[in-house]
Amino acid sequence: MANMRSGTRSVDVGVARQSDRSNARREEVGRTRTNPSPSDASQSHASASGEVPSSTPLFTPLVPPKITSTSHAALVQWRKDRRNYEETARSRAKDGANDVIVPVKATFDQGLLRLWCRLRWHISMDEVTDGHIMAEVDKIFASVKNNNVPDIDYEMRSKLHMDLKETDVSERVIRYFKTCHDIIDDNGWRVFFDDNTGKKELYRILVVSLEPQALREDVERSIRFQARKAKEDEVVLHDLILEKALEHEKVFQRHRREKRELANAR
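If you read the sequence shown in UniProt numbering, its first letter stands for residue 1, the second for the next number, and so on.
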């Protein structure tokens, strides 16, 4: 009998403990529902409003390129890097970044700038402005390594290409023109294309570098016999190339569609 009473007490104790644990769990659930955590509350609010909390974009600090040499080659690379730096800073500003474009003067090696002021410009460092520095950069570019003319045709053939992977024909054409002008600016060649003769040479380069070959030949024929003004007007040339590129894209898409339909019919 003693054993039976002992066993009964053990069962009663076990049932009581289990009941206590169940009550504790119910109380915890109740507290959670009554006082949700901050993360739960935000998720609940997002679900109720249909909005997802936006996270603040993280940006690495932008470092402007420095002028540590005033040779033609060094300034060509610097101006390319400077343009990329300014474009990135402006683009990030639209996304909420607080980048401030650092003045050119602040990126000029101070020892080198001091010598330029004393030996070349004959002014104090306080008088120097960004405009003054950029005017000198343009002057150095105009000299083009002591008047040695580079092989521009070779450089253009190797670097100027139309991006045929771009499916938007209008974007493809405008990027082609931009690439051409970027190559000129990056190499300090603007001096070669400033006058009317130079501009005609630029437009010739834009035509001979066109891809694919069928588009180039079509544009060349139109310039020879119809749109002669495209030889001397970049806007007319752009409109002609865009018009022909759109026509060729339509033909290409039609042929591809016909080829696909023929393959499906087999």
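Hints may contain errors.
[As the list claims (entries may be wrong)] Listed next, the in silico DSS-like pairs over lysine-lysine satisfying Cα-Cα at most 25 Å (straight line):
1. K139 / K80
2. K178 / K259
3. K259 / K159
4. K165 / K66
5. K229 / K200
6. K139 / K231
7. K229 / K94
8. K199 / K159
9. K105 / K159
10. K200 / K165
11. K80 / K105
12. K94 / K80
13. K80 / K199
14. K199 / K231
15. K165 / K250
16. K259 / K229
17. K80 / K66
18. K105 / K66
19. K80 / K229
20. K199 / K139
21. K200 / K231
22. K159 / K80
23. K200 / K94
24. K178 / K139
25. K165 / K178
26. K139 / K165
27. K259 / K165
28. K178 / K231
29. K94 / K159
30. K165 / K199
[Claimed, not checked] Pair ranges (Cβ atoms, derived):
31. V235 / A73: 31 to 37 Å
32. L262 / F177: 35 to 41 Å
33. E166 / V235: 18 to 24 Å
34. R157 / G131: 15 to 21 Å
Derived by calculation from the structure, the hints in this document are not laboratory data. Built from N, CA and C at the ideal position, the CB exists for glycine as well.
Right, here's what the structure says about each hint:
Distance restraint check for K139 and K80: the Cα-Cα separation of roughly 17 Å lies within the 25 Å cut-off, and the hinted pair is therefore satisfied. For the hint pairing K178 with K259, the CA-to-CA distance comes to about 34 Å; that exceeds 25 Å, so the pair is violated. A C-alpha spacing of about 33 Å is found between K259 and K159, which places the hinted pair above 25 Å, so the restraint is violated. Of the supplied pair hints, the one linking K165 and K66 is violated, its CA atoms being roughly 35 Å apart against a limit of 25 Å.
Distance hint between K229 and K200 is fulfilled; the C-alpha atoms sit about 10 Å from each other, no more than 25 Å. Between K139 and K231 the CA atoms are separated by roughly 29 Å; this puts the pair beyond 25 Å, and the hint is violated. For the hint pairing K229 with K94, the CA-to-CA distance comes to about 40 Å; that exceeds 25 Å, so the pair is violated. Restraint check: the Cα-Cα separation between K199 and K159 comes to about 19 Å, which is no more than 25 Å; the hinted pair holds.
A C-alpha spacing of about 31 Å is found between K105 and K159, which places the hinted pair above 25 Å, so the restraint is violated. Restraint check for K200 and K165: the C-alpha separation of about 29 Å exceeds 25 Å, so the hint is violated. Taken as a hint, the K80 and K105 pair is honoured in the structure, with Cα atoms around 17 Å apart against an allowance of 25 Å. Restraint check for K94 and K80: satisfied, since their Cα atoms lie roughly 22 Å apart, inside the 25 Å limit.
In summary, the hint linking K80 to K199 is supported, as the alpha carbons are separated by about 22 Å, within the 25 Å threshold. A C-alpha spacing of about 9 Å is found between K199 and K231, which places the hinted pair at or below 25 Å, so the restraint holds. The straight-line distance between the Cα atoms of K165 and K250 is roughly 15 Å, inside the 25 Å bound, and the hint therefore holds. Note on K259 and K229: the hinted pairing is violated, with a Cα-Cα distance of about 38 Å set against a maximum of 25 Å.
As the CA atoms of K80 and K66 are separated by approximately 12 Å, the hinted pair is consistent with the 25 Å bound. The hinted pair formed by K105 and K66 meets the criterion: a straight-line CA distance of about 9 Å does not exceed 25 Å. With a CA separation close to 32 Å, the supplied pair K80 and K229 exceeds the 25 Å bound. Between K199 and K139, the direct Cα distance comes to roughly 20 Å. Compliance with the 25 Å bound is thereby established for this hinted pair.
Restraint check for K200 and K231: the C-alpha separation of about 6 Å stays at or below 25 Å, so the hint holds. Annotation: proposed proximity of K159 to K80 holds, straight-line Cα distance about 15 Å (limit 25 Å). Taken as a hint, the K200 and K94 pair is broken in the structure, with Cα atoms around 38 Å apart against an allowance of 25 Å. Distance hint between K178 and K139 is fulfilled; the C-alpha atoms sit about 23 Å from each other, no more than 25 Å.
Under the criterion of a C-alpha separation no larger than 25 Å, the hint pairing K165 with K178 is consistent with the structure, at around 16 Å. For the hint pairing K139 with K165, the CA-to-CA distance comes to about 38 Å; that exceeds 25 Å, so the pair is violated. The suggested pairing of K259 with K165 holds, with an alpha-carbon distance near 20 Å, which does not exceed 25 Å. For the given pair, K178 sits about 18 Å from K231 by alpha-carbon distance, which is consistent with the 25 Å threshold.
With a CA separation close to 31 Å, the supplied pair K94 and K159 exceeds the 25 Å bound. A distance of roughly 29 Å separates the Cα atoms of K165 and K199; the hinted pair therefore is violated under the 25 Å criterion. Between V235 and A73 the beta carbon distance is about 33 Å. The supplied range of 31 to 37 Å therefore holds. As the Cβ distance of L262 to F177 is approximately 37 Å, the hint placing it in 35 to 41 Å holds.
Separated by about 21 Å at the C-beta atoms, E166 and V235 satisfy the suggested range of 18 to 24 Å. Against the hinted window of 15 to 21 Å, the Cβ-Cβ separation of R157 and G131 comes to about 36 Å, which falls outside the hint.
The structure shown violates the earlier hints numbered 2, 3, 4, 6, 7, 9, 10, 16, 19, 23, 26, 29, 30, 34.
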